[in-house]
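**Student:** So the protein sequences, as listed, match chains Y and W.
If you count by my numbering, then the first sequence holds residues 1 to 229, one letter each, in order.
If you count by my numbering, then the second sequence holds residues 1001 to 1229, one letter each, in order.
Hints were generated in silico from the structure; no laboratory data involved.
Bear in mind that the values here come from a model prediction, so they are computed numbers and not experimental data.
A portion of the hints provided could be inaccurate.
[Claimed, not checked] Below are the DSS-like pairs computed for lysine-lysine, each with C-alpha atoms no more than 30 Å apart in a straight line:
id, chain 1, residue 1, chain 2, residue 2
1, W, K1171, Y, K72
2, W, K1171, Y, K102
3, W, K1153, W, K1123
4, W, K1083, Y, K83
5, W, K1072, W, K1171
6, W, K1102, W, K1052
7, W, K1155, Y, K171
8, Y, K72, W, K1153
9, Y, K204, W, K1083
Protein chains: 2
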Amino acid sequence: MPLFYQPQIQQGISFLDLEESRHAIQVLRLREGDSIQIVDGEGILYSARITKADAKKCLFEIIERKVIERRKCLVHIAIAPTKNIDRTEWFVEKAVEIGVEKITFFQCQHSERKVINLERIQKVAVSAMKQSGQAWLPSIEGLVDFNTVLTAKEKEKFIAHVDSNNPLHLKDAYTKNSEYVVLIGPEGDFSQQELEQAQQNSFKKVSLGANRLRTETAALAACHILALQ
Amino acid sequence: MPLFYQPQIQQGISFLDLEESRHAIQVLRLREGDSIQIVDGEGILYSARITKADAKKCLFEIIERKVIERRKCLVHIAIAPTKNIDRTEWFVEKAVEIGVEKITFFQCQHSERKVINLERIQKVAVSAMKQSGQAWLPSIEGLVDFNTVLTAKEKEKFIAHVDSNNPLHLKDAYTKNSEYVVLIGPEGDFSQQELEQAQQNSFKKVSLGANRLRTETAALAACHILALQ
């Protein structure tokens, strides 16, 4: 059954937005009376029925409401966006499939990319959420500066950095069912000053394995390590 | 220092191939006497010096030879190529970064893609090997038919399939430091007949987590789970 995304159903919204309406009526050719599923991105999966097959504003009525519990851990990835934005969008798609609660884009000293199209990236996340059959949409924020990500409130804080003197792997560094933030640097890595600042703010340096990983691969590896608990 | 790929140095080759020569001389503007590093894809990392800066056939002399041991496990991913070939190429790049020894592409009943450009995919693998600083190039084969992958000789054999009656996760299904093959189906999944054939050939059904993953995401997740041991 086709799955749509429509936020704020609990606040009274009873129609699909323009893009989802168009997809339902023009692309999928759904009609009045057809059954659909809708997620609100906040943990509710609705079974619904189309009551007005309008390609601009498709109305529906709710048949059933199912609460989907969030998983027990909370993963926040803070990442410097890649020079080639496709790589960042790819990361967002894959991270949402694998599992992530929050993504923050930040700028730092060696960042090569100074702008991102947050709206476009959020669409990638919505699409991946639907594709992977999930009811929770991760929050995606940015660009913020490096000092802002240092104020992250998660209980366990990590910064991905290969330090041959201290090769603590993320898989051995976290405790289960907790809240985590992992900082992933740009192609040119963090500066020495940023690494020190992070450590002063209780971020632990962690490795993600023996191979040298691209920024977006490192970020996905971190998500997956924390998803495997 | 720039890293190049040149196979068969042990068999006496002492020049870079056309593409690598062009990259060294025309793009990087290297000259006679410049130091380079070369991997042969079979576990040897060479330090070398350019002796003739020819953009068609760059000659070098070996200064030092370092043997890089293979990791203790052997991961073979057999995957039905995706309809959109970019997703398959993406998988190859990321799998090589994370760690994989062999990739086989196969066709099965629900395959949507009937052809692949193996040469192009092998170039993606070479590029990812160099990018991630590795000396071993995975072997990449295909397209073969489904019956051929069923004859795989690895000690531990898995087929990725979500079976709600038997949700054995790959992470709990393998033993360490072994040889593995994991079969990853196409967008339309394996047929019932193929699942049965695989089981008759000692392939164990495994899950890769709670979320529904795209073909290429599932394949990468399998690589990463086995790399984390």
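**Student:** Compare the structure with each hint and give your call.
**Tutor:** Quick rundown of the hints versus the structure:
| no. | hint | result |
| --- | --- | --- |
| 1 | W:K1171 - Y:K72 | holds (19 Å) |
| 2 | W:K1171 - Y:K102 | holds (25 Å) |
| 3 | W:K1153 - W:K1123 | holds (26 Å) |
| 4 | W:K1083 - Y:K83 | holds (27 Å) |
| 5 | W:K1072 - W:K1171 | holds (17 Å) |
| 6 | W:K1102 - W:K1052 | violated (35 Å) |
| 7 | W:K1155 - Y:K171 | holds (26 Å) |
| 8 | Y:K72 - W:K1153 | violated (39 Å) |
| 9 | Y:K204 - W:K1083 | violated (41 Å) |
Violated hints for the displayed structure, listed by number in ascending order: 6, 8 and 9.
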